[in-house]
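Undergrad: Protein chains in written order, with this note's numbering: chain A, 1 to 528; chain B, 1 to 382; chain C, 1 to 34.
Derived by calculation from the structure, the hints in this document are not laboratory data. Hints may contain errors.
[Claimed, not checked] Derived, one-sided and incomplete: chain A residues facing chain C with beta-carbon distance under 10 Å:
id	residue
1	Ile181
2	Ala213
3	Ile434
4	Asn437
[Unchecked claim] Calculated cross-link-like contacts (lysine-lysine; reagent style PhoX-like; alpha-carbon spacing at most 20 Å):
id	chain 1	residue 1	chain 2	residue 2
5	A	Lys344	B	Lys35
6	A	Lys344	B	Lys159
7	A	Lys426	B	Lys71
8	B	Lys255	B	Lys309
9	B	Lys255	B	Lys123
10	B	Lys249	B	Lys217
11	B	Lys249	B	Lys123
12	B	Lys107	B	Lys35
13	B	Lys217	B	Lys107
14	B	Lys68	B	Lys107
15	B	Lys177	B	Lys35
16	A	Lys344	B	Lys249
We put the beta carbon where it would ideally sit given N, CA and C, even for glycine.
Listed here are the chains, written in short residue letters.
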Amino acid sequence: MTDAAHAHGHDDHSHHAPPAGVMRWLTTTNHKDIGSLYLWFALIMLFTAGSMALLIRAELFQPGLQLTNPDFFNQLTTMHGLIMIFGVIMPAFSGFANWQVPLMLGAPDMAFPRMNNWAFWILPVAGVLLMGSFLLPGGAVAGGWTMYPPLFIQGGISYDLTILAVHIMGLSSIMGSINIITTILNMRAPGLTLMKMPLFCWTWLITAYLLIATMPVLAGAVTMLLTDRNFGTSFFNAAGGGDPVMFQHIFWFFAHPEVYILILPAFGIVSSIIPTFARKPLFGYASMVYATASIAILSFIVWAHHMFAVGMPAAAQLFFMFSTMLIAVPTGVKVFNWVATMWKGSMTFETPMLFAIAFVCLFTIGGFSGLVLAIAPVDIQLHDTYYVVAHFHYVLVSGALFSIFAGIYYWLPKWSGYMYDETLGKWHFWLSVIGMNIVFFPMHFLGLAGMPRRIPDYALQFTEFNQIATVGAFIFGFSQLIFLVVVLRAAKGGVKATDRVWEGAEGLEWTLPSPAPYHTFETAPVVK
Amino acid sequence: MTSIRQRVGIAGAAWAASQPVLAEYAYNLQVPASKVAQDVFDLHNLIMLVCLGIFIVVFGTMFYSLLKHRKSAGHKAAHFHENTTVEVIWTVIPFVILMGMAYPAAKVVIDMKDTSNPDMSIKVTGYQWKWGYTYLNDGVSFYSTLSTPRDQIEGSAAKSENYLLEVDEPMVVPVGKRVRLLITANDVIHSWWVPALGAKQDAIPGFIRDIWFKADKVGTYRGQCVELCGKDHGFMPIVVEVVSEADYKIWLEKKKGAATASAADDSKTFDQAELIARGEKVYTANCAACHQANGMGLPGVFLPINGSKVATGPIDEHIRTVLNGRPGTAMAAFGGQLSDTDIAAVVTYQRNAWDNKTGDAAQPAQIAAARGGAEAAAPAAP
Amino acid sequence: MMAAGKPNGKYRTAILLAVWALGLFIFTLYSGLK
C-alpha cells in the first residue's frame with residue numbers, strides 16, 4: 001500500500017481538513033461520507049417512487065379511469081419498480097456496506113476509495129435520465145420494469161435512455177461489488193478470519209459475488225434490446241429469426257439472483273440487531289453462513305419460475321418447480337435461527353428490534369406466498385396477478401425496506417453521535433407495520449380472485465379490496481414522513497449517544513466513539 | 001366482565017352472522033369449472049394449510065418468547081448459540097414436507113401439459129388490443145373485442161355488471177369436450193387466461209404454444225389478458241361460453257353463414273355514404289384506441305389522421321399504410337385483420353371525416369389489388 | 001488517510017473480478033447471437 005507515500009509528495013490537501021461544502025461531497029473518498037451519500041440518495045428516491053405508488057393507488061381506488069390515462073399509468077408502474085429497486089433498495093444497502101464493512105473489519109476505508117466515489121456519483125446521473133424521461137415525447141418508459149420485448153421495442157426515446165440508465169446503474173453496482181469483495185478478502189484486521197467476521201459482512205460478500213455474476217448479464221440483455229430497437233438486429237424478433245422468450249431467459253437469469261441481492265444484506269442487518277437486543281449471540285453462525293451461500297448458489301438455477309406460463313416443456317416446469325421449492329430449506333433455517341437467537345434471551349424492544357422482529361414475521365409471509373407460487377400448476381393461476389404483487393411487496397417492503405429502517409435506527413447513533421427520538425420511532429414502526437399489511441394483504445385475495453397486474457382499471461368484483469389497499473397505502477406512505485423527521489433531527493442533534501449505544505451490542509464498530517471519527521482504524525486493531 | 005370464552009363465542013357468532021356480507025369478498029380461487037381447475041384449487045388449499053401450520057408453530061414460538069424472555073419480565077439471557085441436532089432436524093423436516101407437496105404438484109403439471117387427443121382445436125391470436133379466434137376444424141374465424149362502452153370507463157355512465165369483462169364475440173365451445181388451444185400473437189406478448197377453466201398461456205409473436213381445457217358445466221367464464229402489452233392491456237378480456245353440443249352446432253352454422261355473407265361483400269361496389277357509415281364503425285372498433293375518436297392521436301405517441309398527409313394525399317399510399325402498417329412503430333398491419341370491404345370503408349371514412357374533405361371513396365376491389373402489390377403480403381386472417 | 005500498509009493483493013482481486021464481469025457481458029451477447 002503506497003497510496004499515502006505518493007499522496008505526501010504530490011498532494012497539498014492530504015494532511016489538512018477535507019474541502020468543505022459541495023466540493024467535499026463531490027470529491028470525497030471517505031467511506032463514511034459515501035455511505036451517507038448513498039443513504040440520502042435512497043431516501044430521496046424513496047419519496048419519489050413512493051409518490052408514484054400513491055398516484056397508482058389513487059387511480060385504483062375505484063373502477064373507471066379518474067386520474068390517469070392507461071399509458072401514463074403504465075409509466076408510473078414501470079418507473080415505480082425501476083426506481084424502488086435500483087434507486088432505493090440497492091443504494092441503501094450500498095450505503096450500509098460503505099459505512100459498516102470497514103468499521104466491522106477494522107479497515108481504514110474501502111479498498112478503492114476513488115472508485116467508491118465514482119460508483120456513487122454516477123447514480124444521480126442515472127436518476128436524472130430516468131426521471132427526466134417523463135418530460136420527453138412519449139413520456140417515460142412504460143413496458144414494465146421487466147422490459148419484455150417486443151413491447152419494449154415499440155417505445156420512444158425514453159426507452160433508449162432507460163437502457164442507458166440501467167447500464168450506468170449496473171456499472172455502479174459492479175464497481176461497488178469489486179470494492180466490497182476486495183475489502184473483505186484483502187483488508188480484514190489481523191486475526192479476523194472469515195468465520196469470525198460479522199454476518200453482515202458475509203451477507204454483503206455473497207451479495208457482491210451475486211452482483212458481479214449477474215449484472216453483466218443484464219447489461220448484455222439490455223444491449224440486445226438497444227440494438228434491436230436501433231440497429232436492425234433481431235435478437236428478440238421472431239420475424240428476423242430471433243425469440244422474445246430468449247430475453248426472458250437472459251433477463252431472469254439476472255433478475256432472480258437480483259431478488260436475493262435485494263434481501264441478503266437485509267438478512268445481515270437483522271442478524272446484527274436481534275443478538276444485540278436479545279443480549280445473546282446469534283444462534284448457529286456457521287449454519288447462517290452456509291444457508292446464505294446455499295441460497296445464493298441455488299438462486300442461479302431457479303430463474304424460469306418467473307416464466308411458468310411461457311409454454312416450456314413439462315420436464316422444465318418440474319425442474320424449476322423443484323429447485324425453487326428447495327430454496328425454502330436454507331431460508332427456513334435462517335428464520336429458525338433468528339427465533340432461536342431470541343429464545344431464552346433477555347429482550348428489550350427499541351425501534352431497531354421492533355423492525356427486525358416484524359421483518360422475521362412478515363418476510364416469512366412473503367416467503368410462504370413465494371412457496372405457493374413455486375408450485376407450477378398453482379402459479380399458472382397466479383402468474384401476472386396481484387398475488388405476485390402481494391408476494392414481492394411482502395418480501396421487499398416488510399423485508400428489505402423494514403431492514404433498512406431497522407439498520408438506520410440501529411446505527412444512526414453511531415454515525416451521528418445522537419440518539420433518535422424513540423417515541424417517534426415507535427410511531428413510525430406501528431403505522432408502517434399496520435399500513436403495510438392493509439395495503440398488501442388484500443392483494444393476495446385480489447390475485448386469487450383473478451385480478452391481473454399492471455391494469456389501470458378493473459372489473460367490479462375487485463372493488464372492495466382495492467379500496468382497502470388504497471387506504472392502507474396512504475397510511476403507509478404518509479407514515480414515512482415521521483421517519484424523515486426522525487432522521488433529520490437525529491442527524492443534527494439530540495441526546496448524545498454513548499460509544500456502545502446499545503447494552504447488548506458487540507463488534508468492532510461499538511468500540512469507537514459516537515459519532516465515529518472521520519478516519520478510523522488507521523492502525524489495524526488486533527482481533528483475538 | 002365477560003370471560004375469554006364468552007368473548008370468543010360472541011366473536012364467533014359475529015363472524016357467522018357476517019358471512020353473507022363476507023361472501024362479497026372473494027378469498028380464494030374462483031369456483032372451478034374444469035377438473036384441472038379443481039386440481040389446482042385443491043393443491044392450493046393443501047399448500048395453504050401446510051403454510052398456516054408452519055406459521056402457527058414458528059410464530060407461536062416466537063411470540064411466546066417475546067412475552068416470556070423479555071428483560072422487563074426479569075428473564076436473564078442464556079448463552080447457547082448452537083445445537084447441531086436441532087439444526088439437522090429443522091433442515092430435514094421442511095425438506096420432507098416439501099417432498100410431500102412436490103408429488104401431487106408434479107402430477108398436475110404433467111396433466112396440464114398433455115394436449116394430446118383433443119376433440120377440437122382453436123387457434124388464439126393476441127393483438128393489440130383484442131383476441132382473434134380461428135376454429136381450425138370448421139374454418140370459422142372472428143375477432144373478440146371489449147364491448148364495454150367508453151363512457152362507462154370514463155365515468156359518465158353507470159357501469160354494467162360485467163364491466164370490462166364483456167366482448168362482442170365470445171369464444172363458444174361445447175361442454176365436456178377436450179378443447180386444444182393453439183396460442184400465438186400478432187405483435188407483442190399477450191397472455192390468454194380463463195381462471196375458472198384453469199387455463200393460461202402466454203401468446204408469443206412468431207411462436208405457437210398449446211394448452212387444453214375441458215369445461216365441466218355449461219356457463220359463461222370470463223378472463224383477461226395477463227401479460228403487459230401496451231396501453232390497453234387492461235381492456236382486452238376473454239369470454240368463453242360453454243354450451244350444450246346442440247347449441248354449439250347451431251352457433252357454428254350461424255358463424256359460417258356470416259362468414260359467407262362477409263366474403264360476398266368484397267366483390268360488390270358501394271356508394272360513398274354506405275362506405276362512410278360502415279367505415280366509422282370500423283374506425284371506432286380498430287383505430288380510435290390510438291388515433292382517438294377525433295382523429296387527433298396522442299402528441300408524440302400516436303400520429304393524427306385529421307389533416308395528415310396520408311389521409312389527404314394519394315389514396316394508394318393511404319391504403320398501403322392501413323394494409324401493411326408501419327414496421328418499427330405501433331401502427332399494425334390491418335391487412336390480416338380486416339376484410340377488403342372494411343378497409344375500403346375505413347379509408348373512405350378517414351378521408352372524409354373531421355377536417356378531411358377529399359371526397360374520395362375506396363372500393364373493396366382496390367384493396368384486393370393493393371394486397372397483391374407493393375409491400376410485404378398481408379399475413380393470414382387469425 | 002490510508003496508512004502505508006503491506007501489499008495485500010487487492011489489485012489482483014479487483015482485476016480478476018473486472019475481467020470476469022466483462023467476459024460475462026460479452027458471453028451474454030455472444031449467446032444471444034446463436
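Undergrad: Could you run down the list of hints and mark each one as holding or not?
TA: Outcome of the hint check:
1. Ile181: holds (6 Å)
2. Ala213: With a minimum Cβ separation of about 7 Å from chain C (threshold 10 Å), the hint on Ala213(A) holds.
3. Ile434: Not OK, violated: Ile434(A) not within 10 Å of chain C, min 43 Å.
4. Asn437: Since chain C brings no Cβ nearer than about 39 Å to Asn437(A), farther than 10 Å, the hint is violated.
5. Lys344(A) x Lys35(B): violated (50 Å)
6. Lys344(A) x Lys159(B): Violated: Lys344(A) and Lys159(B) sit about 58 Å apart, past 20 Å.
7. Lys426(A) x Lys71(B): holds (18 Å)
8. Lys255(B) x Lys309(B): violated (39 Å)
9. Lys255(B) x Lys123(B): holds (16 Å)
10. Lys249(B) x Lys217(B): OK: Lys249(B) and Lys217(B) at ~17 Å, within 20 Å.
11. Lys249(B) x Lys123(B): holds (19 Å)
12. Lys107(B) x Lys35(B): Roughly 13 Å separates the two Cα atoms, so the pair holds.
13. Lys217(B) x Lys107(B): Given that 20 Å is the threshold and the Cα spacing comes to 24 Å, the pair is violated.
14. Lys68(B) x Lys107(B): violated (45 Å)
15. Lys177(B) x Lys35(B): Holds - the C-alpha atoms of Lys35(B) and Lys177(B) are around 12 Å apart, at most 20 Å.
16. Lys344(A) x Lys249(B): violated (72 Å)
Hints 3, 4, 5, 6, 8, 13, 14, 16 from the list above are not met by this structure, while the remaining hints are.
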